[in-house]
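Once you have looked at the hints, place chain B on chain A.
In order, the protein sequence lines correspond to chains A and B.
Read in order, the letters of the first sequence are residues 1 to 194 in this note's numbering.
Read in order, the letters of the second sequence are residues 1 to 765 in this note's numbering.
For the record, the hints were derived by calculation from the structure and aren't laboratory data.
Just so you know, even glycine gets a beta-carbon here, dropped at the ideal spot from N, CA and C.
Treat the hints loosely; a few may be bogus.
Claimed, not checked - Not close to chain A: a few residues of chain B, all C-beta gaps over 12 Å, as computed:
1. E41
2. A177
3. E502
4. E549
5. P595
6. Q601
7. V623
8. R626
To be verified - Some chain B residues judged to face chain A by a derived CB distance under 8 Å, without partners named:
9. W6
10. N10
11. V17
12. S44
13. L45
14. S48
15. N49
16. D51
17. F442
18. Y443
19. A677
20. W680
21. T681
22. L682
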Amino acid sequence: MDAVSPKEITGWLKAWSNGDAAALERLVPLIYDELYRLARGYMHRESPGHPLQVTALVNEAYLRLANWKEAQWENRAHFFGVAAQLMRRVLVDFARRRDYEKRGGGHRHVQLEEAALLPIRRDADFVALDDALKSLSALDARKARIVELKFFGGLSVEEIAEALQTSPRTVMREWNLARAWLFRELSRSGEKIL
Amino acid sequence: MKSERWQQINDLYCAAVERDEAARAKFLAEACDDDFELRREVESLLESNRDAGEFLSSSALDVAAQTLATDQDHFLIGQKLGAYQVLSLLGAGGMGHIYLAEDTRLNRKVAIKLLPREFTQDQDRVRRFKQEARAASALNHPNILTIFEIGEHEGLQFIVTEFIDGQTLRQRFNGSALKLTEVLDIIIQTSGALAAAHEAGIVHRDIKPENLMLRRDGYVKVLDFGIAKLTEQFVAGQTTRSDSLPSSSASFRTGRVGRAGRADSVRTDPGRVMGTARYISPDSLLGLEPDGRSDIFSLGVVLYELVAGRAPFEGATTGAVLAAILNQEPLPLLRYSRAVPSELERIVEKALQKDRDERYQVIKDFMIDLKNLKLELEVEAKLRRNTPPPVPQQRKSKEHSLPALHDQIIETQTSTEDMAESVEARRKLEPVGGAVPLDSEFYIERSTDREFHEAIERQDSLVLVKGARQVGKTSLLARGLNRARRRGARVVLMDFQSLSRESFASSEKLILTLAETLADQLDLDVSPSQMWNSFMSPGINFERFLRREVLSKTDAPIVWGLDEVDRLFNCDFGSDLFGLFRSWHNKRALDPEGPWKRLTQVIAYATEAHLFITDLNQSPFNVGTRLALDDFNYDQVAELNQRYGAPLKDRAELARYFRLVGGHPYLVRRGLHEMTARRWTLSRLEAEADHDEGPFGDHLRRLLLSLSQDPSLREVVQNVLQGKPSANTDSFYRLRSAGLMAGESVRDLRPRCQLYANYLEKHLL
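If we strip away everything but chain B, and leave its shape as in the complex, we get:
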C-alpha cells in the first residue's frame, strides 16, 4: 500500500473514530466521495476497533507469565532438577505433568513426573506413597514402569522413571480401534504386572487407560503404582455430587477431584473427574480397603471399554456414573458387537461383579481365561489363512449362521485384509475350555449327542447330562436347546455358575431367583414374587407358579436348560431343589396329559464334585434320562485333527498323540490348537506337556488341587501309579467321576491319559 494512501486512511480513521457512530457514516460518505475502496477500508478498521475488546490491553510479559502459569506446561523446560536436564513436556494429567529429561550423569533419557503440590503437603502420606512406589518398582517386572528415583527439588516432589517411547492406552484407543487380539494382549500384559504386584501385597488402586503405556514394540507398562495412595481417603457420602465437591482436596480420592476441589472453580473440570470415576470399583466406593479384586474390577472396566467402545458404567454426571457402578448391570458386550465371543462376555461379567467375593478372586485366573481366549483367536486366524473360505451356501446351512457383522471394532479397521481376518477369527471363535460355538467347524458329535437330541425331542421330563470337567457338557446343552428352539419349543437357560452368591443364601431365595429368571426369559407379565404365598413352602409356590403361569398358558413345549448344576452339590439345600425337580417328574408320570407334560428339564452337571460326595447314594438324580458324556474315541480325535488342517501328519502321529492325551476333549483340542499355531510340536508335547509352563499347566494343576483335598484318594492314586492297585468301589467311582482316572473296573483303574500319569507321577511320587 502506498504511504500516501495509508496517510489518507490514517487521517480519515482518526477523524471518524472521534465521532459518534451515527455521525460516522455521513462523515465517511462525504469524505470518501466515490472512493468506495477507501471507505470500505476505514470502515473495516473501525469495525475491528469495535471488536478488539481487551486486545493488547495488558503487557506482554504479564501475558506470558499468565500463559505459563495457567498451562503449567513448560515451567520446568530448560531447567535442571538436580542431575536432570528437563527437555520437554511429554504429557499432562491430574496427577501431575510429565517431562522428558536427560540424566546428565548417565546420559540417558528419563521421564520425570512432577507431583502436584496439593498432594505432597502431608509428609506422612508422601512417605507411604514412596514406600509403595519403591516396592512396586522393586518387583522388576517387565510390565511395570521402573522407578529410578523419587526426588525433591526446591520443594517440588518428583518421580524419575524409565522413559517409555509410546503412548497411553487412552491415546491409542482414541486414535483408532483395536483388534480384539490386541485388546486381549494389552489386558493380559497388564494382568501380569498386577499379578506380580498383588503377590507382593501391592494394590494399584488407579487402573485406567491413562495409566497404561503402550511401548512401540508392543510392551505394556503399568504406571503410577500406589500413586492413588497419595490422594486416597474416599468418603462415600461425597461421591454422589460432582458439582459440589469438597473444597479440601484431601477428602476426595482421586487426583483429578483433588485438583478440582480447589476453590478456584475455573479449574473444576467435571469431565476429568468422571474420567477417573468410571474405573472405581464398588468396593472402593463403599469405603472398603481396596485389594487385588478392586484392581480386577477396574481392569474389567478397561477391557469392556476397549471392546464396546464405551465404558460399562456411564452417566451424565460423576454422581450418575458412581451410582451406575454401584447399582447397574452393564449392557452385554453383544449389544455393541455381534462378534464378541461368549467367553469374553463371561470373563468381563465375572470381572465386573459388584460383590468382590463374586469376582475373579485372583488376577491370575482372569489372566488365564484371557490367555486361553486369545490363543483360540490366534489359532482361528491362522486357520483362516491356511484354508480356503467356505462357500456361502455352506455357511447358510449352518445352525446358527451369523448375519453380516457390523460392529464398530470391525468398521473402523483400516485394512480390509485385517478386517476379514478378525471377523473370521471371531466368527469361528471357540475358547478352549468354554463352550464350542454353535456354528463352529470344530464341534465333534459323539453318540451321546444323538441320544440327547432324541430325549429332548421325545420331551422327556428330565434329561441329565453328566461328565467330568471340560468334557463338552455346555456345548451339548446349547445344541440341544438350539434344536428345540427351532422346533418351536420355548427355551430357557440358566447357568448356575452365573447366579449370584445371594441367590444361594437360602432355599427360598434360590427358588425365587429361579422363578424370576424363568419369568424374565419367557417374558411373562407376572412376577413370581407377586403371587408368592407366605403360608406355603417355596417349593409349592414355585410349582403353582410354573403350572398356572407357564405351563397352562402355552401349548408349546418348554425346554428348561440348567447348566453347572453341580454348584448345588456344595449347598445345604441342594437336595430340596433336586427333590422338587423329581416331584415334577413324578407328577407327569401320574398325569401324562396334564400340564407337566410340556416341561422338559435339561440338567448338566460336572461329576468332579463326586470326589467330595463320599456317599454315592446321595447322587442327586436317580430319575430321568441320564447321559454320561465321555471322552472322544480315536476316530473322533482323527476327525478333529482333519478339521484343524491335519497338524498330525499320519496315523502314527495320531496314535502317539492319542496315547498322550487320550480322548480328553479339552486336551485334544488344546493340543491340536497349539500344534496348528506351531507353538508346539508333537515331540515337544510328548516331552514337555506335563510342565507347569506348558499349554496344559493350569489344567493339570487343578488335578492336584482337587486331590490335595482328600488324602485317602491321593493315596489310592499314588498306589495306582506305583502299580499296586488299592482302590475300593467307592474310590474307583469317585476318581473316575472326577475325570482323574479311567477304567472299567476297580482292578482296571488307571490314569485317564498318559499326560495325567506323567504329571501325577512327577508330583505325587
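Bound-form chain A, shown alone:
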C-alpha cells in the first residue's frame, strides 16, 4: 500500500469523479488505512502529557492522500469538491458498516442519543447526518455543498468561498443556516426514535 504514490491516488480520484466506480474501490482501503493509522496512534500514545495531534495528522494524511497540486484539475474547486464528496461517501459507508456490525448485523436502525450529544460522535450520527444532508440538498443544494466541503472536505471558509466563487461572508451565513437546519433535523429524527 505504501507504494501508492499521491499521483496515482489523484489519478483514481479523478477517475472516480468522472464516474469510474472501480476507482473508488481502490481509494477506500487507502482512506481506511489512514483512519486506522490515526486511530492507532491515538490509542497507543505513550504519555498523556503529550498533546494529541489528531487534527494535524488528519490534515497531513488528507494532503498526502490527494495532493491537488500533483494533478491537473480544472481548478482547485473541482479538486476540493471531488475530495469532499469522496470523504463523505467513504466515511458514511464506513460508519454504516460499523453501525451495522455493532448491532450484530441486524437491520440498519439509526438512532440518535439526545440532540445535545451532537457534534457527530457516533457512527449512527454519521449515517443520520448523511440522510439529513440529502434532504437539505433537495431544498438548497448549495448549502448542502457547503456542509460537504466544510465538514467532509475539511476546507476553510475561505477555501469554500474560492471554490464556490463567492464571499467568505456569504459562505459563513449560509453555513450558519445549514448547520441550524441540520441540527434541527437530526434532533427531530432523534426525538422520533427515542
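Frame of chain A, contents of chain B only:
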C-alpha cells in the same frame, strides 16, 4: 417546501441572526406580519442555531478517527493478522477486545483476543503468561477454551482460540434468570475444568461470569487461564481506595484496574473495577499466592450470585467490596429465596470461607457435593412429573409446609410449567448425603425415631444419637428439634462442622464460642464474654452463664442440639467438654427441681471416628439416653421404594436390591434415585455399582481411605473377605462402629452389604 418559501426563510433567518436577541422578536414580528408559520419556522431555526454548540465544528475524518480510537472497537476489522482475517468484534473487556476472525489456512472461524498493550510491555511477564496459557490449553479439557496460537503482529500480542458460539455467563445471567439446575450444571462444568487445571498445577486466578462462556449446546468453556498472571502483583495496601488508584498499571492486579490506572482519568471506570473485585478471594487480597482454593472461593462467589441475584460481598465502592470480602459474612441465600436447598446453602458457605484452610480443599469435593445436589433435584423434578400433585390439605398438615414461594428465581421464569417444576423440585429437595428436609415425602421413620422423640419429650438431660456416616442422624436431630419447638421449647442448634477452626484453638475458645452461639440463638441481651471471669475456668464460666442467664430466666424447656460432635474426638480438649456436659447431667440428678431440669442436650455424632479411637473406654459418653441409628430393614426399603414410585417392580427385585445395598440409608436412597431417573437399572447396579465412576464411587472411595489409615484393621477386613475371620473384640467394634462391617458377634463379622464386599474385594485382595 417551495423554493420561494425557503428563500424567504433564508433571508429572514440571515437578517435575524445578525441582530441581537432583544431586537430579533420585534424584527420578526414586523417582517412576518401575520404569517405565523413563517415566523415559527425562522424562530425554530434560530433556536437550533443557539443549541447546536459544537455541532459539525471539526472535520469528519477527525471525528471518525477519534471515534475509532475511543471505542477501539473495529480497528482491526477488515485487517489481517498474519493468517487471520479479522471479521468482526465479538466483545470487549478489560483484558482486551475479542474479534471473530477466519483462519485463512484452515478456513475455520477463530476468536482472537488482543491483549492491551499496557500489559504486554514486560517481556518476562508475557513469557510467563504464555507458558501458563499453553499449559492450560494443553490440558485438552472439554470445558477449557482451546488456544490455537499466541501470536504477535506489529507489536500487538494476541491469542487465537477456538470460536465459541454462545454468550458469557454474565450476558446469560443479565438476560434472564437461570433455573437452579442450570446454575448447578454451569458451576459443575466449571469445577471440572478447574479440577483438571489444578491437578496440573494451574490456577485460574480470575474466575468470574465474564470468563465463563456458555455454548449454545450447553457446554461451559472457561476462558483466560492464567491471563490474570499478566496483571498480577496485587498490593494489599492499595486495594481499599478505588478513587485514587496508582498510576502505574503494574502495581494493581486486575486488568480493569490497570487500565483505569492510566492517568487519563476519563477512562477510569469504577464500575468495571468493582466487577472484578467482587470475585477476588481473601487470600489474594492478603497477598498470599493464589492457589486452587482461591479459585474455589471465586467460583463460590459466582454460584452465590447466580442463586441470589446479587454478589455476596457488595459495597458502594471497590474498597467497600474488598473490605466486605475480608470481613463480612454473606447473607444466607435463604434471604433471597426461600426455595434454596439447605444443602446448597452449606456448599456455598463452605466455598466462601475466609480462611482457605476452612474452605473446600480441593475443587473436586466441591464438585461432588454439587453433583449430588443436582442429581437430587433432577430426580425430584422427574418424580413430580410422574406423580399427581398432592392435594393442598395434605401439604398443610405437614410439619414444615412452606408458604407460597416468592423468590426472584421463580418469579422471573417464563414458562409456568417450568416454574411449577422447579418450585416442586426445590420444595421437595433432599440432597443425597445431606439432611432430609422436614417436609420430605422420602423420610422413613425407624423405631429409633419414636424413642428419640420420647426422650426429648421427657426432657431427658442428655440424649445421644450415634451411628455410622450417612445413616440419618442429622435428619433425625432436625425432626426432634422441630417437634420440641412446636411444643413450646426454646431450641438451639449448633453444627460442630460449621464452627471455624479458630474456635477449636483451645478449650477456652471453644467454650466461649458455644456460649456466644447460645446467647445469639436465644436472642439474649447479655454477651457471655462480658460476664466471663478470668479467675475461673471456662467450664465454670459457661456453667454460670447458662444457669443465670439462660435457665433461670425462662420457664420454657431449652433443647440444645449439637450436631457432628465427632469433630471433638480429634481434639485434645474434647474430653473437657464432654466432662462439662456430664457434670450438668449429674447436677440435675442431684437437684431434680433446679434450673438444670429445663436443659435437654441432644447430641449427634458419627461413630466412624471410632476407627481411630483405639481405646473404646474413651468413648465420650457413658451417661444419658443413648440411641444408635441403624440401617433400614427390608420393609423400610420396600416403603421407600413405593414412595419413589416403585422403580423396583416386585418383591424379587426388591430382594435383589436389598442384597446389594442392604439397608444402608444413603446407598438405598441414592440407588432408588438413580433408578427413578433411569440412569441406572437394577441389573446394571448389580454389575457395575462398585465402579469408581458409578453413583457410589465417592462414597466407596472413602471407605478405602479410612481403612488405609490403620493397617491392622485393613488386614482384619482382608481376612474376613477371604473367609478366615481374625477379628478381636476391639477391631470388631471399631469396624462395626465405622459402618464398614456388620454382624452380631466377632465371628459373625461381615461387610455391611454386598456392594461393600464387592468393592473391598476389588481393592484389597
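Results of checking the hints against the structure:
Under the 12 Å C-beta cut-off, the non-interface status given to E41/B relative to chain A is violated; the minimum distance is some 10 Å. The Cβ of A177/B sits about 23 Å from the closest Cβ of chain A, beyond the 12 Å cut-off, so the non-interface label holds. Distance to chain A confirms E502/B as a non-interface residue, since its nearest Cβ pair spans about 48 Å, more than 12 Å. No beta-carbon of chain A is positioned within 12 Å of the beta-carbon of E549/B; the least distance is around 64 Å.
Look at P595/B: its CB is around 72 Å from the nearest CB on chain A, clear of 12 Å, so calling it non-interface holds up. At the 12 Å boundary, the C-beta of Q601/B stays outside the reach of chain A, the nearest C-beta of that chain being 64 Å off. Against chain A, the non-interface label of V623/B holds: every CB pair exceeds 12 Å, the least being about 73 Å. Here R626/B stays apart from chain A, with its beta-carbon at least about 68 Å from theirs, past the 12 Å limit.
The beta carbon of W6/B comes within 6 Å of a beta carbon in chain A, closer than 8 Å, and the hint placing it at the interface holds. Below 8 Å, beta-carbon pairs count as interface contacts, and N10/B has one with chain A at about 6 Å; its hint therefore holds. The beta carbon of V17/B is positioned within 8 Å of a beta carbon in chain A (closest approach about 6 Å), and the interface hint is therefore held. Against a cut-off of 8 Å between C-beta atoms, the interface hint on S44/B holds, since the closest Cβ of chain A lies about 6 Å away.
Because the beta carbon of L45/B sits about 5 Å from the nearest beta carbon in chain A, less than 8 Å, this interface hint is met. Nearest Cβ of chain A to the Cβ of S48/B: about 4 Å, under the 8 Å cut. The hint holds. Interface hint at N49/B: satisfied, since its Cβ lies 4 Å from the closest Cβ of chain A, which is below the 8 Å cut-off. Annotation: D51/B was flagged as interfacial toward chain A, and the flag holds, the nearest CB pair being 7 Å apart, inside 8 Å.
Interface restraint check: F442/B against chain A, minimum CB-CB distance 47 Å, threshold 8 Å, status violated. Look at Y443/B: its Cβ only gets to about 51 Å from chain A, farther than 8 Å, so that hint breaks. Because the beta carbon of A677/B sits about 39 Å from the nearest beta carbon in chain A, more than 8 Å, this interface hint is broken. Of the supplied interface hints, the one on W680/B is violated, with its beta-carbon coming no nearer than about 44 Å to a beta-carbon of chain A, more than 8 Å.
Nearest Cβ of chain A to the Cβ of T681/B: about 47 Å, over the 8 Å cut. The hint is violated. The closest approach between the C-beta of L682/B and any C-beta of chain A is roughly 51 Å, which is over the 8 Å cut-off, so the hint fails.
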